[in-house]
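Peer 1: Given next are the chains, with one letter for each unit.
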Amino acid sequence: MADRKVRIATTSLAGCFGCHMSILDIDEALFDLLERVEFDRSPLTDIKHCGPCDLGIIEGGVCNAENVHVLKEFRRNCKVLVALGACAISGGIPAMRNNIPLRACFQEVYEYEPGTLGHHLPNDPELPLPFDKVHPINEVVHVDYFLPGCPPPAEAILRFVGDLLAGRTPAIDPHLLHYD
Amino acid sequence: MSAKTFLLDGQPVSFVDGQTIMDAALAAGVYIPHLCHLPGYRPQGSCKLCTVDIGGRRGAACTNAAVENVDVKCETQELNADRRSLLQMLFVEGNHFCPSCEKSGNCALQAVAYRVGMRDPHFPHFYPAHDMDASHPEVLLDRNRCILCELCVRASRDVDGKNVFAISGRGMRARLIVNASSGRLADTPLAAGDRAMTVCPTGALLTKRQGFSVPIGRRTYDLKPIGTTAPARETQHG
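Line by line, the protein sequences are chains A and B.
Heads up, the first sequence is in this note's numbering, so the first residue is 5 and it goes up one at a time.
Heads up, the second sequence is in this note's numbering, so the first residue is 5 and it goes up one at a time.
Don't read these hints as lab results, they were simulated from the structure.
All values reported here derive from a predicted model rather than from experimental measurement.
Between beta-carbon pairs, the in silico distance windows are: (1) B:Pro16 - A:Asp136: 55 to 61 Å; (2) B:Phe130 - A:Asp148: 23 to 29 Å; (3) B:Ser18 - A:Phe35: 54 to 60 Å; (4) A:Pro129 - B:Ala195: 52 to 58 Å; (5) A:His179 - B:Ala195: 36 to 42 Å; (6) B:Gly165 - A:His179: 38 to 44 Å; (7) B:Arg213 - A:Lys83: 45 to 51 Å; (8) A:Asp148 - B:Thr67: 37 to 43 Å; (9) A:Lys9 - B:Ala85: 34 to 40 Å.
Residues of chain B clear of chain A, computed beta-carbon distances all greater than 10 Å: (10) Thr24; (11) Asp75; (12) Glu97; (13) Val163; (14) Gln214; (15) Thr224.
Using N, Cα and C, we set each Cβ at its ideal position, and we do this for glycine too.
With the rest of the complex left out, here is chain A (with noise of 0.2 Å):
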């Protein structure tokens, strides 16, 4: 393990990209972490695709077909697997709209909402179908480790990660778990 370095992947899914600015702020540790991980796929990253790697992180739910190829990429390339944040971990704040139809959702935004132009749905084949749900992560792919928070807090990212590095089962300080 010493003379390789740790690869992580990282990616959003129907995420804020919060959960990413709450890795980041991490700070000036960001330095001392990258002598002992590299970064493949992720939205730090030009890597278009995730290889093999020890340590994926995912930030956000569930809410389109795309979501679920890059989800299952992840899944398949990752040896560990992390569901980062409230969206990863619940559905989030983009769950809320569940309750409501998927086709009133889009005709409220792209036919009624006033200087739409067009007045139609988007239908085209390279855009993503959109699912009637938004779904927590681990109802698609198999989970191994959940980190709470909208977003979690930086030191909680930075503990959990440095755990994983080490081997041991990551530990949350109970002052750093929280849902909100």
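Guided by the hints, dock chain B onto chain A, whose structure is given.
Peer 2: Using the frame of chain A, we list chain B on its own:
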């Protein structure tokens, strides 16, 4: 007369005849996790969080009478694991989106979940679509956060004398209803100052225009995790 005692996790707790394990423990300043219980109210026994080991058998601390010299265990790994499962069930049954809930930080459901270290919902989410009632000028009822503890039912009936709430429906369809022919809160005598408004352990019953008024870090359970006494350091915040 020497006081009768039982053992709670090895510590003697004194009680008087007829007192429940829960009431004796709370009176002695010892916390047993609970949601549907409130001192002074008739025990409900629906949340099951206060399940303890009573001399080798399991029972709800809030409904079982204290018995002299009996050995009660509460803070065991096994019981706390079961509490975690119960809380996971409560979380997936409702729409507990804490990040946008006004009760976050002041919510007993959330605070107990923190206490037993719940990290994930484990079970598939129900995403229920119960009706919300915003008809009342001062009060909001979001049934998707209701855990059916019936504290508002008991408070409104027994303390406020208004009998505004009830539980209706069976099994999974059970829900909180409002005792008005219209079914709306606006058509009841409920007032924001009623006791029923202060007993809700979740964000189901909220007073309007009061949300997000306490800074993060100073909310009830930011200062003092549920079931702990505030160390001097923490009492200086607010």
